[in-house]
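Chemist: Sequence:
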Amino acid sequence: MTELKKTIVLVGMMGAGKTAVGTALARLLGVPFLDSDEEIVKAAQRSIAEIFERDGEPFFRARESEVLARLVSGHPCVLSTGGGAFMSEANRQIVAGQGVSVWLRADLDLLWQRVRHKTTRPLLRTANPRETLRSLYETRVPVYALADVAVDAAPELSIEQMAARVRDVLAATPGVMGE
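For the sequence shown, counting from 1, position 61 maps to 61 in UniProt numbering; every step adds exactly one.
Hints were generated in silico from the structure; no laboratory data involved.
Incorrect hints may appear among the rest.
In silico lysine to aspartate or glutamate, DMTMM-like type, Cα no more than 25 angstroms apart, as pairs [said to hold, decoys possible]:
#: 1; residue 1: K5; residue 2: E160
#: 2; residue 1: K5; residue 2: E38
#: 3; residue 1: K6; residue 2: E66
#: 4; residue 1: K6; residue 2: D168
#: 5; residue 1: K5; residue 2: E39
#: 6; residue 1: K5; residue 2: D168
#: 7; residue 1: K6; residue 2: E38
#: 8; residue 1: K42; residue 2: E53
#: 9; residue 1: K6; residue 2: E39
#: 10; residue 1: K6; residue 2: D148
#: 11; residue 1: K42; residue 2: D55
#: 12; residue 1: K42; residue 2: E66
#: 13; residue 1: K6; residue 2: E160
#: 14; residue 1: K5; residue 2: D148
#: 15; residue 1: K5; residue 2: E66
#: 16; residue 1: K42; residue 2: E57
#: 17; residue 1: K5; residue 2: E89
#: 18; residue 1: K6; residue 2: E89
#: 19; residue 1: K5; residue 2: D152
#: 20; residue 1: K6; residue 2: D152
All chains, full assembly: derive it from the sequences and hints.
Modeler: This is the structure in structure tokens:
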């Protein structure tokens with residue numbers, strides 16, 4: 001049995017598959033799956049959209065950092081983060097200290113296909129959501145590139161196949177898994 005030595009922190013754009021692939025990856029590795037956005041919602045007892053609307057993005061980002069620090073310091077698991085979490089230098093340091101960051105890299109067209117009909121994305125509640133997504137993508141991709149490893153999202157692969165692809169990349173990454 002392979003033992004996970006560090007928490008796997010999935011980063012990337014909304015729609016990249018962090019939650020779906022993360023859930024399958026955790027199952028594959030026999031470890032818990034946690035979602036930082038879900039943990040924030042539980043703690044605040046409000047949806048992310050409500051937090052953004054009522055308290056603003058800076059408040060949300062502060063709670064996100066607190067939750068991330070708590071989750072990464074626990075037992076090794078697979079942790080999905082919100083699309084903006086890795087943008088913070090402090091959050092990248094938290095992850096680097098106790099986890100391994102994995103960028104699920106997806107192109108803009110694939111992301112748009114996946115998110116265009118969802119109403120749960122507060123950052124896309126704009127007059128031109130496609131343009132907003134493109135702008136976020138251009139801003140975030142250079143920061144996501146700082147992740148420890150990158151795995152390309154492949155639309156032809158099932159969620160389970162993507163999880164196996166991530167596992168294989170991590171198995172070849174020193175210090176992440178052991179016997």
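Chemist: Hint by hint, which ones does the structure fall short of?
Modeler: Of the numbered hints, all hold.
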